[in-house]
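Q: Construct the complete structure from the given sequences, taking the supplied hints into account.
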Amino acid sequence: MTTPTSLAPPSGAGTRVRRMLAAARWLTTPLLPEDYLALVNPLWSADDPRGRVEAVRHEAPGAATVEIRPGPDWRGHRPGQWVKIGVDVGGVRHWRTFSLSSPPRRDGLITITVKATPDGVVSRHLVRDVLPGTIVRLSAAEGDFTLPERVPERLLFLTAGSGITPVMAMLRDGVDGDVVHVHSARTPRDVIFGTELRELPVTLHERHTAASGRFKLAELDELCPDWRERDTWACGPSEMLDDIEAHWRDAGASDRLRVERFKPPVLAAGGEGGRVRFTASGVETDADGATPLLTAGEDAGALLPSGCRMGICYSCVGRLASGRVRDLRTGEVHGEEGHLIQTCVSAAAGPVEIDL
Amino acid sequence: MSTDHLTRADYEAIERELDALREEIVADRGDRDAAYIHRVIRWQRGLEIGGRALLMASSLPPAWLAGTATLSVAKILENMEIGHNVMHGQWDWMRDPKIHSTTWEWDNVSPAEQWKHSHNFVHHTYTNVIGKDNDVGYGILRVSPEQPWHWAYLPQPLVNAVLAMFFEYGVALHDLEIDKIREGTNDPEETRAKLREIGRKIRRQWGKDYLAFPLLSGPQFVSTLAANFTANAVRNVWAHTIIFCGHFPGDVEVFEEERLEGETKGEWYVRQLLGSANISGGRLFHLMTGNLSHQIEHHLFPDLPSNRYAEIAPRVRALCEKYDLPYHSGSLSQQVTSTWKKIFRYALPGPRRSAPSPSSTPSVPEPAAA
Chain Y
1 MTTPTSLAPP
11 SGAGTRVRRM
21 LAAARWLTTP
31 LLPEDYLALV
41 NPLWSADDPR
51 GRVEAVRHEA
61 PGAATVEIRP
71 GPDWRGHRPG
81 QWVKIGVDVG
91 GVRHWRTFSL
101 SSPPRRDGLI
111 TITVKATPDG
121 VVSRHLVRDV
131 LPGTIVRLSA
141 AEGDFTLPER
151 VPERLLFLTA
161 GSGITPVMAM
171 LRDGVDGDVV
181 HVHSARTPRD
191 VIFGTELREL
201 PVTLHERHTA
211 ASGRFKLAEL
221 DELCPDWRER
231 DTWACGPSEM
241 LDDIEAHWRD
251 AGASDRLRVE
261 RFKPPVLAAG
271 GEGGRVRFTA
281 SGVETDADGA
291 TPLLTAGEDA
301 GALLPSGCRM
311 GICYSCVGRL
321 ASGRVRDLRT
331 GEVHGEEGHL
341 IQTCVSAAAG
351 PVEIDL
Chain G
1 MSTDHLTRAD
11 YEAIERELDA
21 LREEIVADRG
31 DRDAAYIHRV
41 IRWQRGLEIG
51 GRALLMASSL
61 PPAWLAGTAT
71 LSVAKILENM
81 EIGHNVMHGQ
91 WDWMRDPKIH
101 STTWEWDNVS
111 PAEQWKHSHN
121 FVHHTYTNVI
131 GKDNDVGYGI
141 LRVSPEQPWH
151 WAYLPQPLVN
161 AVLAMFFEYG
171 VALHDLEIDK
181 IREGTNDPEE
191 TRAKLREIGR
201 KIRRQWGKDY
211 LAFPLLSGPQ
221 FVSTLAANFT
231 ANAVRNVWAH
241 TIIFCGHFPG
251 DVEVFEEERL
261 EGETKGEWYV
271 RQLLGSANIS
281 GGRLFHLMTG
291 NLSHQIEHHL
301 FPDLPSNRYA
311 EIAPRVRALC
321 EKYDLPYHSG
331 SLSQQVTSTW
341 KKIFRYALPG
351 PRRSAPSPSS
361 TPSVPEPAAA
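The listed protein sequences derive, respectively, from chains Y and G.
Be aware that the first sequence starts at 1, since it is given in this note's numbering, and climbs by one per residue.
Be aware that the second sequence starts at 1, since it is given in this note's numbering, and climbs by one per residue.
Mixed in with the good hints there might be a few duds.
The following label-pair restraints were derived from C-beta to C-beta distances [unchecked claim]:
1) A140/Y to G30/G: 28 to 36 Å
2) P42/Y to E257/G: 32 to 40 Å
3) G30/G to A22/Y: 36 to 44 Å
4) R317/G to P42/Y: 24 to 32 Å
5) S280/G to A321/Y: 42 to 50 Å
6) L65/G to R16/Y: 47 to 55 Å
7) E337/Y to D31/G: 22 to 30 Å
Rough simulated footprint, nothing fancy, chain G against chain Y, three-plus residues with beta-carbon under 8 Å [as the list claims (entries may be wrong)]:
8) 32-43
9) 84-92
10) 303-316
What the hints contain is simulated information worked out from the structure, not anything from laboratory work.
We put the CB at the ideal spot given by N, CA and C, even for glycine.
A: Have a look at this one:
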C-alpha cells in the first residue's frame, strides 16, 4: 500500500501511535480523536473512511471518470475490484457500488468511471455536479472479478457499456499475451475509454449497436474461434450476462467464465402492504399498507423497541434490510437497504425486511 | 382552559395546517441545512480545542478567563444546539452515521440512551401532563398548583439553585424516575443497570475534565481543573435556565391525565402549543439556547432541523392568532423572573385550585397518530 501523506497519524506508524490514540480518547470522550483531527484533514478517519475528489474528467457522452484520493487507511485494491462510495446529494448520504477503473497507481489515486442514468441521483451528481475537493465515504475494495496470480496465456473479455470499467483496470495494469476483447456500445463516440482502448496491444472487436445491432454470441465462433479454451471475464447488462452464462454452460466451459454484475439499487415497486420479516427475531407476518410495521410486528409476537408511536421520538428506528416503506404521515414511499426507518409511522410497500 | 372555544372542526383544521407545515419543511430540507449543522459542529470543535489550548496556560489569569469562557461556549453549543437536536433525530435524514440520533453521545454525565427515553419519548409525548411528564418539576419541584403540596417542597428555591449548578447530574438521574423509586414501583434490576451506565459515563467525563486535561497542563493541575469545573457549571446553569423557561413561566398550562384519552393529533398539537413558551432574542441568542428559545416550534415538530424553527415561528404565531390561542413568549429576564416566582410561591401550600376544568376537548374515539 502506498501512503501519500506522511503526516497521517493512524497509518503504519505502529503500536505506539495506536496506544497514544487510545490514550487520546480519554481527552476526546465521548468523541474520537479523529473527529477533531478531521478539522485539519477530513481524510484522517479510520472509523468512517473517506476519500477526496481530486478531479472529474469527461469520458464519453454522459460518462465521467472521478479521481479520488483515499485516506491513509486505504488498504489498496486489485484490478477488477469494486468499492462502495457514499456521496452526499442534497445533504443526504447515498451509497453506491462502483468498479474501480484504475489499477493501483503510484500517485495513490483511485478512479471510478460513472455513466449517468436518467433517474440516477448519484450517477448524475457524480457526472455533472461533483466538485474537486468534495469528501466522499469509501469502503474497502472487494470482489473476486480479478485476474489470478498467474495470468493465463489466452484471455477473452466480453463487455458492454459501462461494463468496461473493471476490465479497464485490468487492461491498464498491463495484460500480456493473447487477449481478445469484444466490447459493445451504442456508437463509436459512446465507447468509454475509446481512444485508449484502441491503442492497447489487444485484439479489440468494437460493436456499435446503433449501426450493427446487438452482438450475438453465435458470432463468437468467427471472432474468437477458441473461446471455449480461453479464460473469460464478462461484465455488462444483466440480460447479456445471463445469455453468456447459458452459452458457456451449454459449451461445458462454465469453469472458465467469470462474470461481474452491476446490481442497480433494487427499488421494489411501491405496492400496498406485503410480507414483513424481522430478521433479529425471525418473526414474519403479512402487513397491509396502512398498518405501521411496529404494530404489525408486535401483533405477530416480535419484541420491538417503541416509544411515542407517533413519529416524534425515534425510539423505534430499525435498519431496513430490503424493500421499501410508506411514510404514513406523508404517503411517501421511500427506503433503500441500510436506511434507518421509524417503524411506528412506516408501513410496508411490498415485501420488507427489517433488522430488528 | 384557553381552548374552550375550539370546535372539533378547529382541531382538525389545526392538525391539517401543522401537518402541511411540517411536510413543507421536510420536502425542502437539503444542502443548506446540512451545511448549517456541519458548520456548527466545526465551530464547536474548534472552540473546544481553542479553549483547552488556552487552559494549557491556566495559571495566567487572562488565559484562565479566556479559556474557561471559550470552553463554556463550546460545551453549551455541544449540549444544546448539537447534542440535544441530533439525539432528537433532527439530522437523521442526512443518513450520516456520525451525526445520527442512534449513535450520538454528548459531552455531559447523562448517558444518551437514557436521556432519549426520558426526554424524546416521555417528555415530548406527554408534555405537561401531570403524573405522566416527569419534566413537570422533575420529580423534586412543585411548579404548578395542580401538584399537591408536601412539606418537602419548602426548601425548593435552594434545591433549584443547587440543581442549576449540577444540572447534568439531575438530567442523568432523570430517567431513573425518582417518583417510582420513592414509591417502590421501579424494577430494581433496571435501576441498577441504569446507575452502572451513569457511573461509567461519569468516570469518563471526570477522567477527561478533572484528570487528563489538568495532568496535561502540568503544574497548573489545580487551575485547569477549576477552569473545567467552572465551564461545566456555566453550561449547567445556562441549560437549566433555558430549559426551565421552556415549560414553567407565566400562563403555560398543565394538563390532567384524562386529557390523553383518545387525544387526536390536533389536540396533541394544541397541548404542545399551550404547554410551551418561547424566549425572544437575536440569532446568536437562539443559537446558544440550541434554538430551545423556539420551544413552541420545537414541541410541535421535535424532529425538524433546529435552524428551521426561527423560519416557521411567524407562521405558528399566525396560526395561534387565527384560532385565538395563546402563543407564550417573552424576554429571557421576563421568563426567568416568572419561573423563579413560581418556584418560590409553590414552595408554600396553595393556592386553592380553581374548580377542576371539565374536559373541554371533544372526545374522539381513536387516536389520529398512526
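Q: All hints, please: hold or fail.
A: Results for each hint:
The given range of 28 to 36 Å is respected by A140/Y and G30/G, whose C-beta atoms sit roughly 30 Å from each other. Separated by about 50 Å at the C-beta atoms, P42/Y and E257/G break the suggested range of 32 to 40 Å. Between G30/G and A22/Y the beta carbons are some 38 Å apart, a value that agrees with the proposed interval 36 to 44 Å. In this structure the supplied range 24 to 32 Å is violated for R317/G paired with P42/Y, their Cβ-Cβ distance being about 40 Å.
Taking the beta carbon of each, S280/G and A321/Y are about 47 Å apart, inside 42 to 50 Å as hinted. For L65/G and R16/Y, the Cβ-Cβ distance of about 37 Å falls outside the hinted range of 47 to 55 Å, so the restraint is violated. Between E337/Y and D31/G the beta carbons are some 24 Å apart, a value that agrees with the proposed interval 22 to 30 Å. Residue count for the region 32-43 of chain Y with a Cβ under 8 Å from a Cβ of chain G: 3. That meets the three needed, and the coverage hint holds.
Given as covered by chain G, the region 84-92 of chain Y passes the check, having 4 residues with a CB less than 8 Å from a CB of that chain where 3 are the minimum. With 9 residues having a Cβ less than 8 Å from any Cβ of chain G, the region 303-316 of chain Y passes the three-residue criterion, so the hint holds.
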